[in-house]
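Visitor: Okay, here's what each chain looks like letter by letter:
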Amino acid sequence: MRRYLLNRLGQVVLTLIIYITLVYFLLQAMPGDITQMYLANPRIPQAAREELQKQLGLDQGVVMQYLNYLKNFFSGELGVSFSHYPRPVWDILMERLPRTFVLFLTAHVLSFYLGYLLGRIIAWRRGKVVDYAATVVGITFWTAFYPLLSLVLIWVFAYTLKLLPLNQFIEPRLWQGAPFPTNTVFGYMVYGGGAVAVGLFLVFYAFLRGLKRSRRNTARAWLSAFAIIAVALAVAWRTGLLVYIWDIASHMILPVCTLTLISFAGTMLLMRDSMLETVQEDYVMAARAKGLPDTIVRDRYAARTAMLPTVTSLVLSLASSMSGGLVTETMFSWPGLGQILFHSALANDYPLATGALAFTGVFLLIAHFVADILYAVLDPRITYAGQPAVEG
Amino acid sequence: MDTLLKLDDFTMHYRTKAGWVQAVDGVTLSLARGQALGLVGESGCGKTSVAMSIMKLLPYNSKVVRGRILFEDRDIYSMSDEEVRRMRWKGIAMIFQAAMNSLNPVYRVGNQIVEAIVTHEPETSEREARERVASLFELVGIPKERVDHYPHEYSGGMKQRAVIAMALACNPKLVIADEPTTALDVIVQDKILREIDQIRRKINMSMIYISHDVSVIAEVSDVVAVMYAGKLVEMGPADNVFKKPRHPYTCGLMMAYPSILGDKHELATIPGEPPNLLDPPAGCRFHPRCDRASVECREADPVWRAVAEGHYTACHNPVEITGTWSEAVKALNGGERLGASSNA
Amino acid sequence: MWKIRWKLTVRGLAQNWAVFRESRVGMLGVVIILLFGVFGALWPIMINTVWDPLVYHPVVGFDPMVLHPSPPTRAHLLGTDPIGRDILAQLMFSTGREFLLGVLSALITVVIGTVIGTVAAYYGGFTDTFFMRVADIMMLFPFIPLLVVVGSMVRLTFFPFAMILGVLGGFGGITIILKAQALSVKVRPYIDAARVAGGSSFHIIRAHIIPNVLPLSFLYMMFNVTSAILSEATLSFFGVLNIDMSWGMMIHTADVAGYLFDFGKYWWLWLPSGVAITLFCAAFYMVGRGLDEVVNPRLRKR
Numbered sequence: 001m002r003r004y005l006l007n008r009l010g011q012v013v014l015t016l017i018i019y020i021t022l023v024y025f026l027l028q029a030m031p032g033d034i035t036q037m038y039l040a041n042p043r044i045p046q047a048a049r050e051e052l053q054k055q056l057g058l059d060q061g062v063v064m065q066y067l068n069y070l071k072n073f074f075s076g077e078l079g080v081s082f083s084h085y086p087r088p089v090w091d092i093l094m095e096r097l098p099r100t101f102v103l104f105l106t107a108h109v110l111s112f113y114l115g116y117l118l119g120r121i122i123a124w125r126r127g128k129v130v131d132y133a134a135t136v137v138g139i140t141f142w143t144a145f146y147p148l149l150s151l152v153l154i155w156v157f158a159y160t161l162k163l164l165p166l167n168q169f170i171e172p173r174l175w176q177g178a179p180f181p182t183n184t185v186f187g188y189m190v191y192g193g194g195a196v197a198v199g200l201f202l203v204f205y206a207f208l209r210g211l212k213r214s215r216r217n218t219a220r221a222w223l224s225a226f227a228i229i230a231v232a233l234a235v236a237w238r239t240g241l242l243v244y245i246w247d248i249a250s251h252m253i254l255p256v257c258t259l260t261l262i263s264f265a266g267t268m269l270l271m272r273d274s275m276l277e278t279v280q281e282d283y284v285m286a287a288r289a290k291g292l293p294d295t296i297v298r299d300r301y302a303a304r305t306a307m308l309p310t311v312t313s314l315v316l317s318l319a320s321s322m323s324g325g326l327v328t329e330t331m332f333s334w335p336g337l338g339q340i341l342f343h344s345a346l347a348n349d350y351p352l353a354t355g356a357l358a359f360t361g362v363f364l365l366i367a368h369f370v371a372d373i374l375y376a377v378l379d380p381r382i383t384y385a386g387q388p389a390v391e392g
Numbered sequence: 001m002d003t004l005l006k007l008d009d010f011t012m013h014y015r016t017k018a019g020w021v022q023a024v025d026g027v028t029l030s031l032a033r034g035q036a037l038g039l040v041g042e043s044g045c046g047k048t049s050v051a052m053s054i055m056k057l058l059p060y061n062s063k064v065v066r067g068r069i070l071f072e073d074r075d076i077y078s079m080s081d082e083e084v085r086r087m088r089w090k091g092i093a094m095i096f097q098a099a100m101n102s103l104n105p106v107y108r109v110g111n112q113i114v115e116a117i118v119t120h121e122p123e124t125s126e127r128e129a130r131e132r133v134a135s136l137f138e139l140v141g142i143p144k145e146r147v148d149h150y151p152h153e154y155s156g157g158m159k160q161r162a163v164i165a166m167a168l169a170c171n172p173k174l175v176i177a178d179e180p181t182t183a184l185d186v187i188v189q190d191k192i193l194r195e196i197d198q199i200r201r202k203i204n205m206s207m208i209y210i211s212h213d214v215s216v217i218a219e220v221s222d223v224v225a226v227m228y229a230g231k232l233v234e235m236g237p238a239d240n241v242f243k244k245p246r247h248p249y250t251c252g253l254m255m256a257y258p259s260i261l262g263d264k265h266e267l268a269t270i271p272g273e274p275p276n277l278l279d280p281p282a283g284c285r286f287h288p289r290c291d292r293a294s295v296e297c298r299e300a301d302p303v304w305r306a307v308a309e310g311h312y313t314a315c316h317n318p319v320e321i322t323g324t325w326s327e328a329v330k331a332l333n334g335g336e337r338l339g340a341s342s343n344a
Numbered sequence: 001m002w003k004i005r006w007k008l009t010v011r012g013l014a015q016n017w018a019v020f021r022e023s024r025v026g027m028l029g030v031v032i033i034l035l036f037g038v039f040g041a042l043w044p045i046m047i048n049t050v051w052d053p054l055v056y057h058p059v060v061g062f063d064p065m066v067l068h069p070s071p072p073t074r075a076h077l078l079g080t081d082p083i084g085r086d087i088l089a090q091l092m093f094s095t096g097r098e099f100l101l102g103v104l105s106a107l108i109t110v111v112i113g114t115v116i117g118t119v120a121a122y123y124g125g126f127t128d129t130f131f132m133r134v135a136d137i138m139m140l141f142p143f144i145p146l147l148v149v150v151g152s153m154v155r156l157t158f159f160p161f162a163m164i165l166g167v168l169g170g171f172g173g174i175t176i177i178l179k180a181q182a183l184s185v186k187v188r189p190y191i192d193a194a195r196v197a198g199g200s201s202f203h204i205i206r207a208h209i210i211p212n213v214l215p216l217s218f219l220y221m222m223f224n225v226t227s228a229i230l231s232e233a234t235l236s237f238f239g240v241l242n243i244d245m246s247w248g249m250m251i252h253t254a255d256v257a258g259y260l261f262d263f264g265k266y267w268w269l270w271l272p273s274g275v276a277i278t279l280f281c282a283a284f285y286m287v288g289r290g291l292d293e294v295v296n297p298r299l300r301k302r
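Chains as they are written, first to last, in our numbering: chain A, 1 to 392; chain B, 1 to 344; chain C, 1 to 302.
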């Protein structure tokens, strides 16, 4: 297990270096000497120009410049942003990263789960109206033009129905004179949410672990789950954080919905196809012969193995869904990596744009790594040593 | 005798693009408690369809045309889904043809058996079920510590044994073993067959063995039923059928397998191919391949009639064997009335 | 010889078509694509006969008779955009461009992907490892942000953009999928037979492996059309592409002029092009799903 992890980690670092190299040379290869272009730009303050000159080591050779860049990247020195002068790029990105992370993770977990649930239902009812309807609706969302989809959602829910805040991260009026800075509240949200999630997982694991599900245990599990959520809410309320947390959370709802809508169909359709194959397996027939209830045959037998390819494709589609995520962020003015990337690119803020691009890569790599481990956990046939399982 | 399972003129067809496949046609048989029935026939003759019909596990494109299947005097095809679900495994369990693939690859083997037990016996706790699985493993000869392994960590023979243990988990009244040992080598095959047979006698369970291999059936069955092209052609006590087969197809099938203990005889194949069940031949379905066929065979479907005590056949010109089977084989080889082509 | 081959090809296509027709979703896609085809083909006819190019030109047309943006009227069936151009004319004109862009970039992707996939599968070893690592890294690249950054530095025009999309896609995940398919072909006995018979590597790849990978390539081509058009629309929308007219550009025009804030009122500015993008992409995706049932027999009903 440890060797497997170390091996994977090594690969991740190597890929990261290659990725950053590519980003670097890609920008170097742009027509017209970029550095000259920026150095001659009158909008850029003199101090920033000197900073950039120093950072890029323009007086040295190409190789030295590149090595310099690598060294700077790994020591977190990404230079100073032009458009947010004089904030260092690293600072800006570190502030933005958790926001993107939270949005991305929530939307992904939701859309994966939704896709999995729907996929296994429509595979089980293949050829019925539900199957066709879900397929067509799913494809429509999957291929929807997502900037427009986000606009439609904003228009319906925020503008017309006034149910949710328009966009952005917070409601500025509410935060005037707030006792907490935004990022602190957001930090509490992330940690608190994480703790609640772990607590819920433990509760359900403890009560519903066995193969035999008694009604009493189910009731207990749900009661404890509600208790945990209630306690968390009470704590938030007592400390006066609740209203601020709700503000951030309600700003998250629409972007999360958009991201979920545009990506659930991928998982759903793949789950359907993959399950159409597993339902023909002998062990599904055997499970039915065992007299197991229909839902258990579907969930534990047909769907459980059918899920494996969907996890693989989740890994493969991380980058494209990241693209969608960044676009959605921009549409909702959610101040994450994506928004800063678009803004800096359009404002010709070169250090910030490359920094954001590199950070996106790092983020994706980590997501890749996690998904890989998830797959290994889900499929017992994969051994960590990387050797094929013993087959007698 | 106390009848456990009864098939009464059971007829089941599959709908395909090309038309209706008459997979099972007018099968009538009954099985007593504690009895072992062997169902033998070539591949594609409808043996597995019969097994699936008894389990009520037919695919969506199948249709029961007529007849009934009675398990403990209740018609399976008029039971509700829930009743059928409860009947499975507790009443009728099955050892699948592809035992290798009938274990879920991502669940521990023990859990798959425990699951069956706790589903059918809600009063059993998970711990008790686990203990029972351990003793079942002992019974079929798998080391107890293997309970919590995954299927891919088992050898082929072990998977087979695990599947057998799984079939016995709820003390079923009837176990259908569909080619239980085809994938194994002969030595292991023989051992497992004997073990199943011992267990069966010990707990007085009924069994249906399904195989294309006459020697497997001969070893473990009390009653033998021979199937050809979706129809039963002969059924009777194993001794009777194998010593004095009456239907030419049974003779042909027996000639096609070597007998280790009996006298040597030349192996003979049955000429021709099994018929296409989309459009089976009129009259006796075996007549195009039968050297005893007469005009009658071509026109009229032979009736299912008793030829001896408990011994039935459907043939217009049944074979008469006087003396022993091996003598008859010699005579047949010499006189070549039956298997025409022989190979050295 | 080629006559026989032609006959076989035709028969194979006919059989596949029969399977494909059973997929309702796939047929729906084909119908939508055909409708778009007719719609796009109407453009040259309309501009040369019915429409006055001065008024209806998609890029430089202007109608001095009405206030812009004008809601749908008899003269402008889908209204006009903020600078006085006819929406329907823009929509029709862009259809052909979208076909060109989607098919061109998908074709480049698939050609590169097929060649690399088969070569990697056939030679294995270093070639294989190299291209697979490249694909791994390409899969890490978030294309749209990358193209935004690139587009902010270079003005990307229509053809270079199609090329870039095609090439970036071609080295990515598609090679892994096609390589897996090519590997399953490579181990079949007739490849050995061809080698024993003295076929050169080039011949084996061209005559035996590629034909067996092509159906899958074709399937992925459909999915790539979808992603190419979506990328184009997104980037046009953000204004980083230097394309005079496309469906994404139409929404961009409305956005820049500020009309997207009053969304419901100025619906004709975004609805036609938005629906066109989604429908067009969905149609190609549906055809892909239908082809999936042809290529992957395990998905078929019977």
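No lab work stands behind these hints, which were simulated from the structure alone.
Idealized CB from N, CA, C, for every residue including glycine.
Among these hints, one or two may not hold up.
Stated by the list, open to error - Computed cross-link-like contacts, DSS-like style, restricted to lysine-lysine with a CA-CA straight-line distance of at most 30 Å:
id	chain 1	residue 1	chain 2	residue 2
1	B	17	B	56
2	B	17	B	63
3	B	173	A	162
4	B	56	B	144
5	B	173	A	128
6	A	71	B	56
Claimed, not checked - Taking CB as the label site, the calculated pair distances span:
id	chain 1	residue 1	chain 2	residue 2	range
7	A	105	B	19	51 to 61 Å
8	A	129	B	59	45 to 55 Å
9	B	60	C	10	27 to 37 Å
10	C	39	A	62	16 to 26 Å
11	C	261	B	82	29 to 39 Å
12	C	82	A	161	19 to 29 Å
13	C	265	A	129	48 to 58 Å
14	A	4	B	80	44 to 54 Å
15	C	133	A	193	50 to 60 Å
Stated by the list, open to error - Some chain C residues well away from chain A (every beta-carbon gap over 10 Å; in silico):
id	residue
16	28
17	36
18	65
19	184
20	186
21	260
22	270
Visitor: Against this structure, judge whether each hint is valid.
Guide: Quick rundown of the hints versus the structure:
no., hint, result
1, B:17 - B:56, "23 Å, holds"
2, B:17 - B:63, "15 Å, holds"
3, B:173 - A:162, "65 Å, violated"
4, B:56 - B:144, "33 Å, violated"
5, B:173 - A:128, "37 Å, violated"
6, A:71 - B:56, "69 Å, violated"
7, A:105 - B:19: 51 to 61 Å, "55 Å, holds"
8, A:129 - B:59: 45 to 55 Å, "21 Å, violated"
9, B:60 - C:10: 27 to 37 Å, "34 Å, holds"
10, C:39 - A:62: 16 to 26 Å, "51 Å, violated"
11, C:261 - B:82: 29 to 39 Å, "58 Å, violated"
12, C:82 - A:161: 19 to 29 Å, "27 Å, holds"
13, C:265 - A:129: 48 to 58 Å, "36 Å, violated"
14, A:4 - B:80: 44 to 54 Å, "50 Å, holds"
15, C:133 - A:193: 50 to 60 Å, "37 Å, violated"
16, 28, "7 Å, violated"
17, 36, "14 Å, holds"
18, 65, "30 Å, holds"
19, 184, "16 Å, holds"
20, 186, "20 Å, holds"
21, 260, "6 Å, violated"
22, 270, "6 Å, violated"
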